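Colleague: For this one, chain E is given, so just place chains U and S on it according to the hints.
Residue numbers (the working numbering), protein chains in the order written: chain E, 1 to 334; chain U, 1 to 517; chain S, 1 to 347.
It should be emphasised that the hints constitute simulated quantities derived from the structure, not laboratory data.
Owing to the predicted nature of the structure, the values given are computational and were not obtained by experimental measurement.
Among the clues, some could well be false.
Said to hold, decoys possible - Pairwise CB distance ranges, derived in the manner of DEER restraints:
1. U/I255 <-> S/T269: 57 to 63 Å
2. S/T269 <-> U/R440: 45 to 51 Å
3. E/L107 <-> U/R381: 57 to 63 Å
4. S/T19 <-> U/E480: 52 to 58 Å
5. U/H72 <-> E/G23: 28 to 34 Å
6. S/R192 <-> U/S390: 20 to 26 Å
7. S/I110 <-> U/K373: 36 to 42 Å
8. E/M165 <-> S/V294: 43 to 49 Å
Stated by the list, open to error - Straight line, CA to CA, 25 Å or less: simulated BS3-like cross-link-like pairs of lysine-lysine:
9. S/K319 <-> U/K342
10. U/K419 <-> U/K319
11. U/K342 <-> E/K209
12. U/K109 <-> E/K209
13. U/K342 <-> S/K127
14. S/K319 <-> S/K16
Ideal Cβ placement from N, Cα and C applies to all residues, glycine included.
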Amino acid sequence: MSQSTRGQRRPIPSSAFAALLYGIMFAIYLLYSPSAITLAGITDLLNNTIVLAIAAAGLTLVILTAELDLSSVGVIAVTNVIVATVSTKVPGGAFITLILVCLIGLLVGLINGWLVAFLGLQSLAATLGTMIACQGVALLILEAPGGEVAAFIMNRLTDTVFGFMPVAGLILLLAVAGWLLFRRTRLGIAIYAVGTDALAARLSGLNVKATKWLAFGLAGMAYGLAGYMLGAQTGTGDPRISNSFLLYVFAAVAIGGTPLGGGRGGVIGSVVGAGILTVMQKLLFAVGVAEFYTNIFNGVIMIVAILFGNLSAILSLRQKAIMSQHRDGQLVPN
Amino acid sequence: MDSSAPILQATNLHKRYGATTALDEVSFSLYPGEVCGLLGENGAGKSTLVKVLSGIVIPDAGEIILDRLPYHPRNILDAKAAGLSTAFQELSLIPTLSVAVNLFLPKPKVNALRLVSMRSLEEEASAILNQYGITGVSPSALIGDLPLAARQRIEIVRAMLQNPRVLLLDEPTAALSEREWLFGLVDGLIARGTSILYVTHRLDEVRRLCKRCIMLRNGKKVLEASTAGMTDDDVFSKMAGRSVVESYPVRESSINDSAPPVLEVRHISAARVNEISFAVRRGEVLGVVALEGQGQSALFKALVGLTPLKQGHLVVDGKRVVIRSPRAARVAGLVLVPEERKSEGIFNDLSTAANISIPIINQAASFDFIRGKRERRLVERGAALVDLHSRYLPPNIDALSGGNQQKAILARSLLTEPKCLLLFDPTRGVDVGTKYNIYRVIRTFVREGGAALFYSTELDELVHLCDRCIVIYRGTVVAEVSEKELSPHVLLSLAAGHASEATQSMITANSRNGTSR
Amino acid sequence: MNDILTRSLVSSRTFKPETLTALLVLLGAVLMMLAMKVLNPGFGSVQQIAAILTTSIFLVVAAYGQGLVILLGGIDLSIGVVMSIAGMMIAGLTNGSNEALTWALPVTLISCTAIGLLNGLGVAFLKIPPFIMTLANGTAFFGVALGITAGSSQRTVAPALQVLMSAQIGGIPVPIVLIGWFLVAGSVLQSRTTEGRKIYAIGSSLAAARVAGLPIEALTIAAYGVSGLCAAIAGLLLAGYSSSATLDMGDPFLMPTIAAVVIGGACVTGGRGLYFGTFAGAIFLSALSTIITVLSLSQGWRNIIQGGIIIIALILQTKQWYLLSIVNRQLPGKQSLDGVLPQNSEV
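Isolated chain E (complex conformation) (with noise of 0.2 Å):
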């Protein structure tokens, strides 16, 4: 999303689009679902939601930048057998392992920060790289899916508080406002900057290495925090990674109006990218469609997202033309 356009009439951001999209979805799976409007089932479809949210919002940062990021499932994975493992080992389990898990994904993601902007690796590989090391990791510390979830994690953090808002909801929340504070920072207008033009960033006295490498360090602790909640939803570690996981995350982002060659996009898109697949999934499964269809659906609606993120990215930059005033021959640059 642009930066404020005080003065002029401001274009539909592509995260609109998402958002509308979110409300046709919701909808048809109102139908099917009636209970989805409650507490409990909107407390529900947050739950599901949440990981897949947490995840893609680190992702945006990195794809923002104009890099890419295959490590969140990675991360997730380790993180998430450590809170299997270590949660109920250690008093105030719960506290001390959320710390842990976003110290270790920070971690995590300062080494693909390093990698990529200071020795100069291309992305893709290199966090590809980083993704089979880390499910080496996570398959050391945990062999096979087991271990438990402290019981603190598991209940409280699905549950509601106030009586009134889902942990899942507060959190989104809480992650929302964050985004919304961090985009005036200093670093979120950098990131934006080096998205779009690094070597202009560069001229104007932005620190091009810095920046990258400070978003991929905030994505690798998004990606820590996703696999703590994935603790607190499923109550065990899974070392194994999920490629259609994957998918999803990037999925999400794209939905969301963040397009892969950075400078544009926000994280508000792609939360809502998460919550349109979401829903999209409990959907099919209230329809009663067969499980292994799922991974034919994974693949299909990962193509279909990319193409709606590029739908809905053109459509808001004709929005742009159709409304700007000054128009010179020459080519846009974007």
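Modeller: Same frame as chain E, but now just chains U and S:
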């Protein structure tokens, strides 16, 4: 403060990139309150010097003293802190961010929460825009939505914001745009004691602004003198080692009117192209003149099918053709020599020979297997056409100078046996000797029955190389200039659409000098 | 810029730097095995070496397709799935006898090539990023296969394939002869055909390829198709070697194909790299895999090592030109281009 001591003193700056020496023991001084011009051909080392002074590039050797202190910037911030600011030729503005944000990058003001307040940023920006006489630009507008001229102004203003002791202006007046505003600012800065290093290749600007100028050639400083006594010829011969009069091949008309025009463009419209029609005759070089961003780039792209035509059609050699891609264009006989050599022209992982042979590599193959000898013969034939020595053929093309790379691209284009060459600023970033070569190649090509559409930002080239010129403004052809009428100031005034005050003064400045460069 | 110039210095006349990289990788494989032999004297018998080379064939073949796609600037994450599908198909169609082989073989190969072509279509026309397209496509077809086979595995494969993998010619196992042929054929196809040359160009600069009028879409689709075909062949051979097929038998090979290409010195952004390098990378990884098995390392360690190797290979690659220019300067007969590249071409 002793005003006779230099504010900036560079001693023996040296920078090598592999086998190329970009800066060769360059030393110069800059005094307080003066504007010093920095001249030189593309590739002479100007941009490297600017990068070294700005902190983007670290020199291999040499010392710089700024304001009596040693100066070793490692980035833009260091430079700014020491009092040196740069307005870059490749604009350093971020298109998706607003004017206000860009003005205060990299460290916009933050409140107690480390957050940037857009509103206060925009208010400050508004004041600054007013102060510097930039009207019609809203601080909340996105840079990418502004015309190039406005962006250039903002780039310049940003560099002036922190009242630098030394200001570097790198080609601040993009091809043929309005200049009085800048000259006024420069005068004001000098009065306040700021020193300016003014990088340009336009002598009239140097004469207007600079008392002194320095010239680089092949990385070395070849001239440091006051501008008062310099003639154009002095300067050109120092820049190139060749006097300006000889720099163009004699033009004899080889236009063949008995055959149908090689290329007829009939009422075509495309993105940023509004109903353009013209024809290029056999044996003719048709020039295209335009200010920056008037649709000329879009026109060339549309002609080879890189962008779709919304209406109109093309006729090649009397036959109507539909061109949907550069491939189809090549089959029809139209080949584009593109604007951006580095990103759209060369394949920088391949050898020069492979670069030349690639579009017609099938001719050197039997059953899809490439025959080494046949390819070699093909490539050598192409290289001979452009006077490219065969020792440049085996190495990777990115080891070659810009001029040689351009020759290779021309060789490639010629080997496809086109009917009409579409050349977009082919001599940009090319050394003078190669320019002459390229002119010769073009004229030879049209003399032997081809045709050429030639866009350039150098009025001299257009005047001396072309048989006729069309002028493009806002995406349409506004004028056609025949051979007799061709002169730089005629082209310039037509290109500007209508004579404005600024253009008038530029015309007078040009006619004072005789040429414009 | 430093490496660009040094690259030019070494690119003509003498060895291409990529050839040197490939040789170094092979040397690395040998050294690794020697080190293993020191630790474990029982290691390194002729049979073991033969086994390493034999089992390298899957990677040698599958990584060729991956290499071609990476050369274009893309990536193929569906190779593992396609290998499994090919194996399951041939096993299911032949069901332990040779009769159906004559038609089962082409059907399998064509189907898997079709999956690859579908990848190519998505990348070329829908402009979907390759890693997403291939991952999504692979996942979807995995689902299809899952549905058709209803999850059951363990089919028996035509004996002919099994014989192929275990037979010998003049004392040398057939697969080893095959990889030799494949190296030659693959190198020629990639580096000496017009299509191969154009693929290098497209990978080097997509924009320039467009302006030059190269058949970008056609070659993209073809490259992914070839990748599917190679994965299919690898899957067939794997089924023959294992005498059975399961739906996840191709999975352990996906990451190694990428690793082999990267180790072999190819640039992940495309435009550079020889098949010889990928081949060397495949041999190296095959040796490494055997060593890991001999050392009885767990799957977790295997993954860590694999991930680590990819990263190390990537890092070494950035230093590649610099290192090799030093090595190359020591070689005799090299013509220096110093002073031969003036800025002005006035002759």
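Colleague: Next, verify each hint and record whether it holds.
Modeller: Outcome of the hint check:
no., hint, result
1, U/I255 <-> S/T269: 57 to 63 Å, "violated (47 Å)"
2, S/T269 <-> U/R440: 45 to 51 Å, "violated (38 Å)"
3, E/L107 <-> U/R381: 57 to 63 Å, "holds (59 Å)"
4, S/T19 <-> U/E480: 52 to 58 Å, "holds (57 Å)"
5, U/H72 <-> E/G23: 28 to 34 Å, "violated (58 Å)"
6, S/R192 <-> U/S390: 20 to 26 Å, "holds (22 Å)"
7, S/I110 <-> U/K373: 36 to 42 Å, "holds (38 Å)"
8, E/M165 <-> S/V294: 43 to 49 Å, "violated (57 Å)"
9, S/K319 <-> U/K342, "holds (23 Å)"
10, U/K419 <-> U/K319, "holds (13 Å)"
11, U/K342 <-> E/K209, "holds (24 Å)"
12, U/K109 <-> E/K209, "holds (22 Å)"
13, U/K342 <-> S/K127, "holds (24 Å)"
14, S/K319 <-> S/K16, "holds (16 Å)"
In the structure shown, a violation is registered for the earlier hints numbered 1, 2, 5 and 8, in ascending order.
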